[in-house]
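Asker: In case you want the letters, here they are:
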Amino acid sequence: MKRDLFKPIFLALLVSASWVLSSVFAPLMAAETKPFRITMVVFRGCEDACLGFKNYWVDNKIPVEIEVLDAKTNAQLLPGFVKHVNATKPDLLVTWGTTVSLAMLGTTDHVDPAKHVTEVPALFMIASTPVGSKLVSSLNAPGRNVSGTLYIVPVETQLNVARLYMPYKRIGFILNPTEDNSKVIQAELEAAQSKFNYELVSRSVPLNASGKPDAASLPRLIDELVKDKVDLLYFAPDTFLLLNRNVITKHALQQKLPVLAVSELVVLESDALFGVVNRYTTVGQLTAAKAEMILVKKIEPKNIPIVAPPGFSLIVNMRVAKELQRYPPIRVVKIAEIVN
Amino acid sequence: MNNRPTPSIERTLARRTCAALIIVGLGAALALTVMTLKSFERILLPQVALKSSVVASSVRATVQSAIELGIPFKSLVGMEDFLADTLLDNEEIEFIQVKDLNGNAYTRHRDGSNQRRANNQILEEIPPDGTKPGVTIGVRASYVEEKLQIMFGDAAVVSLVAITAGIEIALFFALLWVFRPMNIWVAMLDGLKSGHTERSLAQKVAGPFSVLVNLTQQRFVALSAKVSQSKAGAALKDWNEPQARDVRLALFLFVFAEELLRSFLPIYVKEIATAHKVLTVDIDIALPIMAYMLFAGVASFFGGGIIQRLGLRNAFKWSVVISTIGLGGLAFATTVFEVVGLRSLCAVGYAVATATCQIYITRTSQSDTGSTRGLTSFVAAITAASICGAPIGAVIAELVGIPGAMMAGGATALCSWLLFRGLTMPEAQQHAPNPSGAKATTRSFSELLKSRRIWIILLCNIASGKLMLSGLLFFVTPILLLQYRFTQTSIGQFFMFYYVTVAVGNVLISRANPSPKNKQTLMIIGALLTGTGSLLMAWFDTPLALAGAITLMGIGQSLVLAPAVSVLLVTAQTELPHIEPAHTLALARTFDRIGGIIGAALVAVLSFRFDYQGIVVWLGIIVILLALGNLGLALPGRRPKANV
Amino acid sequence: MSYKIKIISLAVAVVFFLLGLLSVLQFFRFQHLLFEVTRSRVEVPAEALKRDVERTLATGLSLQTNAQLQTMLNQVLETNPILFSIQLTEGSSVKGKVVWSSARQPDGSMNAPVFVQRWPIVDPIGATVAQLTVVSDKSGALGIMAKARHEVLTLWAGLCVIVLVLLLPILFWLLKSLDIIIASARARLLGQPVDDKAMQHSDVYQLAKRIQEDKASVQVSPSGTSA
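Residue numbers (this note's numbering), protein chains in the order written: chain A, 20 to 359; chain B, 3 to 646; chain C, 177 to 403.
If you're looking for bench data, these hints aren't it; they were derived computationally from the structure. Please note that the accuracy of each hint is not assured.
[What the hints assert, rightly or not] Pulled a few chain A residues facing chain C out of the computed Cβ check, cut under 7 Å:
(1) 298
(2) 304
(3) 324
(4) 328
Everything numeric in this text was worked out from a predicted model, so none of it was measured. Every residue gets a Cβ at the ideal spot worked out from N, C-alpha and C, and that includes glycine.
With the hints as constraints, model all of the structure from the sequences given.
Answerer: Quick look at the structure:
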């Protein structure tokens with residue numbers, strides 16, 4: 020009797036086990052071959068950071084579908100992007116820049132599910148001061164379903180590297196009173212004065228009738244700084260300044276005032292003498308690495324600290340150096356990227 | 003008037019022979035060192051110059067790239083700093099100059115001066131060529147000599163090792179050619195005097211005194227013919243009576259075989275553990291050390307019974323077999339489990355073999371003085387093997403690789419059997435009680451462990467010392483020295499800091515023969531010193547600090563080892579006079595092993611939190627805290643238990 | 177005589193062992209330094225190359241598609257004749273796919289002895305993306321080692337001869353007194369006349385003398401014990 024029962028019981032067990040295993044593993048298998056869906060919202064086209072982000076998946080052979088929504092510098096398109104993301108529910112949302120990030124994700128003290136994306140994990144990149152702009156509550160513990168990457172090299176590193184290039188006793192700074200980024204950076208530079216033994220000389224951009232910073236005043240501010248005998252002009256990662264980078268750097272060059280940039284465009288495309296920057300491509304790659312942690316390793320954004328790339332690039336604009344007769348020291352030539 | 007007795011001709015001869023050997027030997031060693039230094043310097047200098055020319059090319063390329071960017075040579079910025087960086091990265095370079103065809107030059111000297119000391123520099127020059135700058139580099143001529151001067155340290159170490167090994171070998175042949183024939187001859191002369199002639203000469207005697215022995219033997223042959231009728235068929239006792247020193251070379255070789263592995267075993271285990279991790283790498287390194295201590299302790303505990311059952315000869319034979327398999331097998335181990343198993347075998351073999359030799363020595367002595375001398379010989383053989391083993395093992399490992407060195411260890415263990423098997427075994431003391439029975443020992447242990455003072459001595463001095471030895475010297479030192487980029491040979495030499503210090507300290511202590519109260523003080527000071535040296539590593543993460551830690555540990559242990567055992571025996575005798583001293587010693591050995599196990603385990607546990615430098619410091623702190631436990635000895639002890 | 181030869185041979189062998197061990201150690205010391213110097217010759221251009229490769233990665237150029245890397249490798253190989261080959265392999269493992277390489281055939285066979293040194297190439301976000309493997313000529317170093325070995329062996333042999341020349345007469349002269357001791361003790365045992373005064377400080381002779389003096393008082397009983 021017992022032997023008769025054995026075969027059917029064994030078969031039944033085998034079938035049940037197969038069913039259990041297939042029902043557990045099949046979705047996983049399916050999930051592993053299905054590409055991840057990522058929506059990226061950018062402000063002015065798919066530039067280097069966006070490309071760096073995209074190339075990371077190709078280089079690491081991870082299947083993804085990336086949808087790029089381009090605001091084309093028009094912030095009014097952003098609410099529509101919010102609706103689109105809430106409707107399509109991608110696996111991950113990536114935002115470019117502080118303006119886009121705040122519009123899509125809200126702040127730590129003001130999030131509205133009707134106006135912001137709340138149900139999709141999100142990463143931001145190329146945001147200058149995420150804590151200052153209240154994107155996140157702290158860099159170590161973002162506090163919500165949002166993480167990201169820093170792209171600004173720490174101020175102390177910038178100042179150390181700047182000293183490699185040239186000695187300075189007075190640093191000039193143009194403050195944009197309407198942008199938090201600018202104020203935060205000014206505060207950091209003021210705090211570093213005693214440690215680095217220099218004096219920060221600031222000039223605030225006056226506001227026009229509509230309460231926006233007056234671009235026409237920029238050359239005058241530079242003249243004032245030159246009169247104050249500053250050794251170096253610090254070009255803050257401020258949207259207004261970035262939009263007027265050509266005017267600023269050109270005028271500074273005419274006044275023989277070297278410009279230290281902290282974003283690459285100011286060196287590569289304008290007349291800053293040198294920049295201590297994280298290349299946007301690198302920032303995009305780092306953001307993609309964090310996206311991989313979220314999508315593949317299933318780590319929640321709130322558990323991913325916000326960091327900058329571990330290294331930095333020192334870029335020297337040789338044309339400006341020649342014009343200023345401020346050649347980079349040999350130590351800098353060894354490690355810097357020389358352009359123009 | 004000079005009352006000093008005139009030394010005998012024989013003693014004078016022995017001293018002069020030793021002196022001649024030492025003077026000629028060390029003189030030759032010094033000459034070899036100096037001459038090889040000069041020779042190597044001559045060979046290496048062109049290689050150093052070649053490297054400098056590569057540096058010159060690199061400097062030139064960097065300056066050239068700046069010029070190609072459009073920076074005029076005269077406008078190059080920060081050249082002094084750049085050249086200073088180059089000097090910093092290349093310690094053999096004394097000065098460096100970059101110049102162009104127009105005579106503009108940037109120069110930097112190592113000492114910051116403007117003067118070039120031409121006489122002691124070798125110049126490497128790349129002349130300027132068109133827009134390409136020229137570079138001149140001055141290499142310090144004494145650079146290679148400075149690097150090779152460490153050879154003098156090597157010579158001192160090697161001389162000590164060779165002298166130690168040479169003494170053991172010389173003692174063996176002295177035994178064969180001088181002491182044994184003399185002992186036989188003296189026994190024969192005593193026999194002639196007393197009329198006790200009913201003995202035989204089983205083995206042929208060699209050496210210069212054999213003529214005297216043979217001559218006296220002829221006399222016995224004539225005499226014994228007269229008593230042959232009454233003594234026909236009776237078994238005759240041999241003239242050659244076993245002596246404690248007979249076993250010395252066999253013991254030396256056996257322990258030497260084990261010590262060969264000391265300097266590279268943790269490194270070997272680390273490689274295996276990195277490839278096939280069981281837990282963490284550091285725990286995996288600790289496992290064989292702990293297993294060794296554990297099995298050595300267990301085998302020591304039961305060893306007496308085993309030896310009684312098998313007899314001395316078989317016990318040694320089987321321990322050699324086990325150790326040979328263990329040592330040789332390590333060469334083929336591929337997993338941590340295999341290493342643990344093989345080290346356990348080695349531990350059992352070691353414990354039984356050393357116990358066999360100890361029992362051999364005890365049986366040969368007819369008095370307390372003889373017993374003391376014999377045990378001194380025992381300790382001396384082990385110390386000599388420890389001094390020689392690590393450095394020679396390191397050299398063999400460097401020559402033939404670590405597996406080859408392990409197999410050499412196995413072969414050496416086998417050789418010890420060849421020396422042991424020919425010895426005359428001493429008879430067991432028939433009426434001596436067997437103190438080694440496991441039950442009796444366990445009972446004694448439990449009684450001893452009820453005493454606070456005994457606990458303090460065992461834990462705060464004996465166990466703590468072995469904890470430090472096993473953790474610092476056996477585990478951390480080889481790995482830390484590897485991190486400092488020491489070669490295997492240098493790692494082996496490092497072990498001598500401990501063994502030589504302990505050996506010298508032991509000799510001095512035994513000569514000083516301190517009183518019981520002073521012994522206790524020495525023990526406490528030694529326990530504190532054992533851990534103190536490690537604190538150096540809190541400030542200095544350098545090989546020198548490690549050497550200091552090991553040396554101070556050696557000094558500390560030399561103050562602890564013998565005095566602690568002595569204080570323990572006195573305390574046990576005072577509080578528990580009915581307990582056999584052998585049991586007290588067995589308990590000391592057990593705590594010694596426990597300390598060894600804890601030492602290795604501690605390192606593994608601490609490795610979760612600290613790097614090796616931190617681990618060394620913490621080991622020292624723990625040992626110092628344990629040493630402070632000796633304050634408990636100031637409190638009054640137990641009254642002797644009445645024996646009901 | 178034979179025992180004298182044995183004793184002297186042993187003594188000389190111990191000294192030879194000391195010198196041999198020392199020579200081996202010195203040779204290893206030399207080898208270590210030589211390899212260190214030779215490797216550092218390779219480190220200078222290799223580290224400069226590593227820096228340049230990492231700098232190109234920082235500009236966003238992919239390792240796989242940046243053809244400038246081939247030129248860089250070729251240039252380093254050209255300016256450093258000691259190098260046989262330079263390779264950039266993908267990933268953090270040494271067995272990754274070769275992305276760029278430059279090689280020169282070593283003179284002689286394909287099996288020339290070489291140094292192989294590796295450096296990780298780290299991208300700006302801190303990940304190891306490639307391995308730079310440099311293979312350089314070891315035959316020069318081995319040739320120098322052979323030369324050094326020959327010099328050490330010659331020195332060792334020469335010193336052994338000197339030791340032998342010094343020790344032989346000294347030990348023969350010292351062991352002469354041993355001959356006298358044994359001959360005197362033997363003569364004493366045989367009852368032959370010996371100059372007691374000359375041998376008064378010899379323990380062995382005194383033993384033989386004592387037993388000769390006690391000899392007459394010993395009688396052997398039928399049981400084999402003294403009466």
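Asker: Can residue 328 of chain A be said to touch chain C, with a Cβ gap under 7 Å?
Answerer: 5 Å, holds
Asker: Given residue 298 of chain A as an interface hint, is the shortest Cβ-Cβ distance to chain C below 7 Å?
Answerer: 6 Å, holds
Asker: Can we keep the residue 304 of chain A interface hint, with Cβ of chain C closer than 7 Å?
Answerer: 5 Å, holds
Asker: For the hint on residue 324 of chain A, just tell me whether its beta-carbon gets within less than 7 Å of chain C.
Answerer: Violated, about 14 Å.
When held up to the earlier numbered hints, the structure conflicts with hint 3 and nothing else.
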